[in-house]
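Novice: Given next are the chains, with one letter for each unit.
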Amino acid sequence: MTADLILFFGLAAVAIGAALGMLLSKNAVYSALFLILNFATVAVFFLLLGAPFIAMAQVAVYAGAIMVLFLFVIMLLGAEQLLTSHKSGWQRPIAILLTLVLLVESIYLIFGRGRLLSQVAPVASDYASPEAIGELLFSRYLLPFEVTSILLLVAMVGVIVLIKKPKANN
Amino acid sequence: MQIETALLIEWVVKSTILIFALLTGFAYTTFYERRLLALIQVRIGPNRTGPFGFLQPAADGLKLIFKEELIPANAYKFVFILAPILTVIPALIIMAVVPWGGAIELFGRQIALGLTDINVAILYLLSVASISVYGIVLAGWSSDNKYAMMGGLRSSAQMLSYELSLGLAFVVPILLAGSMSLNQIIEAQRGVWFIFYQPIAALVFYIAMLAEVNRAPFDMPEAEQELTAGYHTEYSGMKFSLFFMGEYMKMIAVSAIFATLFLGGYRGPFVDTYPLLGPLYLFLKVFLSLGLMIWIRATLPRLRYDRLMAFGWKILLPLSILNVFVTAVIIVVFGL
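Top line first, the protein sequences correspond to chains A and B. Under the numbering used here, think of the first position of the first sequence as 1, with each following residue one higher. Under the numbering used here, think of the first position of the second sequence as 171, with each following residue one higher.
These are computed hints drawn from the structure, not numbers from a lab. Fair warning: this is a prediction, and the values are worked out from it, not measured in the lab. C-beta: ideal position from N, C-alpha, C; glycine also. Don't take each hint at face value.
Claimed, not checked - So, partial list: chain B residues that the calculated Cβ filter (under 7 Å) puts toward chain A: (1) V290; (2) L293; (3) Y294; (4) L296; (5) S297; (6) S300; (7) V307; (8) W311; (9) S326; (10) V341; (11) I344; (12) L346.
Stated by the list, open to error - For lysine-lysine, the following DSS-like pairs were computed, each having C-alpha atoms within a straight-line distance of at most 25 Å: (13) A:K165 with B:K484; (14) A:K167 with B:K484; (15) B:K316 with A:K26.
What the hints assert, rightly or not - Chain A regions said to be covered by chain B (calculated; three or more residues, Cβ under 8 Å): (16) 46–58; (17) 68–78.
Start from the sequences, fold in the hints, and give me the full structure.
Specialist: See below:
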């Protein structure tokens, strides 16, 4: 149990450090790298919770595919350096307000209803196994699953239509 | 506590064996490649260092250690040093889920030949493969060199494109075996190897894996004529050899994965009675697959970049989607 706790707090420190690093670093490539580190630690959290499928999906999809695309775009555009005189006028008060709401919510969840969290039943040993997830996706969550896939398809078609050059009339 | 200590020792010993096997394999794959290329091109190849040139890899290693290390003045130093490390680590850890044999009896304990057997092994392979692109991309970006940058960008585009076909080719053995565990996929090939059931999936997998490890004819990221040396143009000494090491260890790893998914893994005649034959059979299959890779390099010219992308997206991907679809329908209809 203590080994688990040490691992948890060590990883939590890394995750928070990586998140802060992502926000504060001036170079967009370093921000992307910090975000990858953050995703990797979150994947280890999933492993600690006994959900290897979600952990592997997290690494393959987020840390792998999506962040490679981010890096690709940053490098292709040469957009590593942020402009230092970037003013975010109206965004700042809204950001502070939203952060406060989130903070109050978290504190309420952790301390106000703390006993509720500890009463959660222990999960089954095959929780989040590939078979279980596949079974649920194609039975109970079939409609959301299909709707999501169609949404993604529409987004892809949209992108292709947007970048397609209009045919020259000759 | 006794059992825990024994397990810990077992894992440490197995990991050490795996790392030594990969490093030795890396050294001798370079030798194998040079000798086989020479044979195909009617030359002799390196045969002066030791008997039959067997000490050539050691001589190469010594030479590289004594080379001067250069870091370009405008390079992003931290990332520049990080990139070769990020290339080697995925190549080292990807073999962790590939079994090398059945179980043997040693010191009164049942010991499985293979590091771990997890039920998401295929996803593990895919996630490690998707991470291995970072080393190359970051090397290209941090070098502050246009050739290196172009090499890095090309390689990331190439690996992303072919990863899709690779992932779909992974789906077919999962469908046939009904499991994502590599041990169960090997068990399912007890009678007939999957390459005979699924020659198209095996072909797609082999092509996509050549692209994934940047081997000829897909070695665009380091096309010498256009990009000098691509992403590792600015690297020298041991940092260069780390990239080299990553590439050759990845060749070994993908060959082992190919053997596991389509060639019956460690299975062969008499492997059930003598489990120690397992690693030998796996070695033979990897050896043949590496030979095929080298043969392809010696035979086929490099593809042009736009054709490479067109081939990946317009031929390989539809083919693998169709193959997965047909396989799934057949399994459902005939209840295999």
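Novice: A separate judgement is required for each hint: does it hold in the structure or not?
Specialist: Status of the hints after comparison with the structure:
1. V290: Holds - the Cβ of V290 (chain B) comes within 7 Å of chain A, reaching about 5 Å at its closest.
2. L293: Hint on L293 (chain B): holds, closest Cβ of chain A at ~4 Å, below 7 Å.
3. Y294: At 6 Å from the nearest chain A Cβ, Y294 (chain B) passes the 7 Å test, so the hint holds.
4. L296: 5 Å, holds
5. S297: 4 Å, holds
6. S300: 3 Å, holds
7. V307: 6 Å, holds
8. W311: 5 Å, holds
9. S326: 5 Å, holds
10. V341: 12 Å, violated
11. I344: 9 Å, violated
12. L346: Since the shortest Cβ distance to chain A is 16 Å, the answer is violated.
13. A:K165 with B:K484: 19 Å, holds
14. A:K167 with B:K484: 21 Å, holds
15. B:K316 with A:K26: 22 Å, holds
16. 46–58: With 4 residues close enough to chain B, the hint holds.
17. 68–78: holds (count 6)
Hint violations for this structure: numbers 10, 11, 12, all remaining hints satisfied.
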